[in-house]
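K.L.:
Given the sequences, and given the hints that come with them, work out the whole structure.
Chain by chain, the residues:
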Amino acid sequence: MALKVVEEWFNACAGCEVSILNIGENLVDLLSELEFVHMPFLIDHKYYGQTGEGTQVEIPEADVAIVSGGVRTEEQKEILQKIREKCKTLVALGTCAINGGIPAMTNMWKREEILNAIYSSLPSEVPAWLDRVYAIDEIAKVDIYIPGCPPHPQNINEAINALLKGETWSLPERSVCDSCPTRREKKASSGTTKRFFENLTFSPEESLDTMRCVMEQGFICLGPVTRAGCRGDSDAPRCIRARVGCRGCFGPIRKGAKPMVDMMSAWSSIGLSPQGVPDRRALLNRFIGAHNNLRPLPKR
Amino acid sequence: MGKTLTIDPITRITGHAKIMIDLDDNGNVAETKIVIPSMRGFEEFCIGRPAEEIPRIVNRICGISSWDNHLASNKAIDKIFGATLPAAGDKLRRLMQHLAWIANKTLHFYFLVAPDYIRPEAESRNVFSIFKSNPELGTKVIKMRQLAAMLVEHFSGKVIHPMAAVPGGFSKPMTESEREEMLKGTEELLEFAKFSMELAKTEMLSKYMDVIEQIGVINTGFLGTITDDGTWEIYDGKLRLMKADGSCEDFSYEQYTDYIAQHIEPWTYSKFCYVKNWGEFGLELDNSTIYRTGALARINVCEKMATPLAQAELEEFRDKFGRPCQYTMLYPYASLIEMLANAEQALALLKDSEITDKDVRVPVEAKAGHGVGCVESVPGTLIHDCETDKDGFITKTNIILGLTHNAAAMNLSLKQAAQTLIKEGNYDQDSINHLEMVVRAYNPSFQD
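Heads up: the sequence lines are chains A and B, in that order. Residues 27 to 326, numbered by this note's numbering, are exactly what the first sequence covers, in order. Residues 182 to 629, numbered by this note's numbering, are exactly what the second sequence covers, in order.
These are computed hints drawn from the structure, not numbers from a lab. Idealized CB from N, CA, C, for every residue including glycine. Just so you know, not all the hints are guaranteed correct.
Chain A is faced by these chain B residues, among others (derived, beta-carbon under 8 Å) [claimed, not checked]: (1) Gly-196; (2) Gly-208; (3) Pro-231; (4) Arg-241; (5) Ser-314; (6) Lys-339; (7) Ile-341; (8) Ser-352; (9) Thr-356; (10) Cys-429; (11) Phe-432; (12) His-444; (13) Glu-446; (14) Tyr-450; (15) Pro-544; (16) Val-545.
P.N.:
Dropping the structure here:
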């Protein structure tokens with residue numbers, strides 16, 4: 027019997043859903059074992075009946091719910107709670123669902139500050155914003171986490187296959203540095219961190235293990251405090267393949283880790299001063315602003 | 182007593198939106214709305230961030246148009262930092278955009294729109310049933326979308342939420358072996374673009390002209406990017422506004438505020454763009470200030486395509502439908518003409534010896550300034566307007582997306598379609614889906 031699946035997006039961008047499609051040819055086999063009963067991106071199931079006459083949100087029962095995006099509005103919160111009621115297993119897909127993601131950068135401001143800055147007259151007949159952006163596990167119990175912005179298709183494929191066998195799934199608690207082939211000498215080439223105003227030094231014809239570590243070249247890379255998993259079966263983490271530093275899109279290595287503190291020691295261990303790192307609070311919490319990691323600071 | 186229908190969510194689109202229809206006592210349409218039930222606030226949380234980081238933040242506006250937002254933002258920062266790009270840096274950006282568009286257009290046409298034409302019964306109107314009923318087509322579509330996406334990902338690291346375009350150019354040059362791999366793949370994509378064009382002719386044009394000519398048709402202006410000589414363009418050029426009567430006015434990116442203004446309604450988070458010197462904004466069907474952007478707009482505003490296969494299709498299109506063409510349901514068809522152009526232009530870039538030049542980026546330095554970066558995204562023109570302080574930190578932004586340009590027009594198309602299809606309380610799943618088809622045609626990305 028096919029696994030019944032509900033798929034939903036909230037405060038998100040659709041990148042997670044496209045990542046499901048990026049499973050590619052294996053998708054054909056996978057689809058034969060899945061039955062999507064609600065997935066706004068690809069099928070026509072509606073909350074209020076197919077001709078819109080219902081008065082209550084209706085979510086079909088399913089074995090698994092896959093949810094992307096954090097929770098921004100009262101309406102999203104209600105739908106998430108209903109999904110939790112109707113589905114046996116809840117999968118948080120992507121960093122927005124798990125940690126708030128980029129849109130949780132709004133948590134650095136009070137809700138009213140953001141709304142008043144964007145609207146000269148506030149829309150009054152729309153679903154209300156919650157006080158901040160929430161990760162979905164702040165609202166409902168999550169069973170499986172598939173991090174990434176976006177998640178790697180290989181991880182999604184593995185997680186779904188585990189679910190089909192009745193098993194659970196999680197990414198190992200390793201750092202991006204553990205999965206990075208660049209050459210390390212354990213000492214930075216200069217004492218201060220540079221902004222990314224020029225390219226890294228490397229030979230494009232040669233493999234990545236001949237390139238010096240991004241941090242050791244003096245540029246910002248959040249590899250030491252970011253969970254590995256973005257490289258799939260390629261030769262290096264995705265940003266490193268593009269010859270740029272990591273910005274932490276897979277979130278912290280383990281739940282409750284404090285990237286701000288851990289990154290300070292990573293910088294000092296190679297003799298790099300964090301003084302040159304601009305906008306540190308927002309940088310180190312760029313993808314993880316939920317769970318109160320980012321909150322409004324009192325005005326100076 | 183009248184009643185309200187809530188079609189929520191509009192399905193097979195990107196992002197979240199709902200349709201609200203108020204019916205009067207006789208069951209006729211009194212009012213219609215497309216409601217965007219949230220927004221994320223990118224314009225605000227970019228403030229205070231270092232400018233060079235912004236292209237890696239605003240790419241998250243849309244997981245489908247992420248290359249376009251990434252590039253528009255990079256262009257705004259290039260301008261502020263005063264960077265003149267090396268030829269290869271410019272060409273690599275263009276190449277990535279063309280290939281990303283092929284993946285996106287394949288997604289829109291086959292996964293979202295085609296079920297309405299190929300499997301129109303309510304219970305089978307989705308891509309999964311196309312895979313089941315026509316596995317050969319299904320496999321081809323999955324493979325070709327994946328090929329386009331992976332050509333971008335293998336070279337640049339990421340197809341969704343990229344980081345390889347950087348202020349001043351590109352983060353890495355292309356090697357000869359990478360060029361060869363991409364050339365081979367892109368040749369396959371060109372064949373697929375030709376195949377898709379023919380499929381649209383047999384499955385859409387030849388079978389559904391009555392729907393195309395009647396449902397969602399409105400009379401508006403159009404906005405799109407062109408080169409100096411009026412050629413269709415997606416990465417860099419000038420903007421052209423065309424009135425519904427076909428008359429045109431061209432302007433530079435920086436002048437956009439002279440033409441475009443925004444309006445707020447209480448019932449949706451999305452703002453509405455309109456042309457301020459065309460009259461007073463309103464959402465009545467004959468309002469003269471509304472314009473559209475996206476594939477149909479680009480095909481309308483350009484004088485010609487840059488490549489032969491796309492040019493032949495443009496000529497055929499204009500012979501059949503005139504200029505400007507106002508048939509909303511032809512957006513997906515216009516989009517496939519563009520997909521041919523994307524494949525042809527990507528091939529031309531890959532055959533250009535400069536593409537493998539090692540010089541891909543000029544070093545930049547922080548500066549105070551103001552820059553407007555525009556590119557086309559598949560759903561429409563992107564405008565990224567940024568200001569920085571002397572240390573290169575963002576102090577102000579204004580971001581206009583395809584959604585915002587098209588918000589008014591989509592509401593008008595919906596209104597026209599609802600008034601045409603719902604009379605005296607008669608409606609069913611099929612007519613409701615036709616209302617959604619009108620919205621779906623725009624390839625909207627409902628992510629503010």
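K.L.:
Hint by hint, note whether the structure agrees.
P.N.:
Quick rundown of the hints versus the structure:
{"no.": "1", "hint": "Gly-196", "verdict": "holds (6 Å)"}
{"no.": "2", "hint": "Gly-208", "verdict": "violated (13 Å)"}
{"no.": "3", "hint": "Pro-231", "verdict": "holds (5 Å)"}
{"no.": "4", "hint": "Arg-241", "verdict": "holds (4 Å)"}
{"no.": "5", "hint": "Ser-314", "verdict": "violated (13 Å)"}
{"no.": "6", "hint": "Lys-339", "verdict": "holds (5 Å)"}
{"no.": "7", "hint": "Ile-341", "verdict": "holds (4 Å)"}
{"no.": "8", "hint": "Ser-352", "verdict": "holds (5 Å)"}
{"no.": "9", "hint": "Thr-356", "verdict": "holds (6 Å)"}
{"no.": "10", "hint": "Cys-429", "verdict": "violated (31 Å)"}
{"no.": "11", "hint": "Phe-432", "verdict": "violated (25 Å)"}
{"no.": "12", "hint": "His-444", "verdict": "violated (10 Å)"}
{"no.": "13", "hint": "Glu-446", "verdict": "holds (7 Å)"}
{"no.": "14", "hint": "Tyr-450", "verdict": "holds (6 Å)"}
{"no.": "15", "hint": "Pro-544", "verdict": "holds (4 Å)"}
{"no.": "16", "hint": "Val-545", "verdict": "holds (5 Å)"}
Violation of the numbered hints given earlier is confined to hints 2, 5, 10, 11, 12; the remaining hints are satisfied by the structure.
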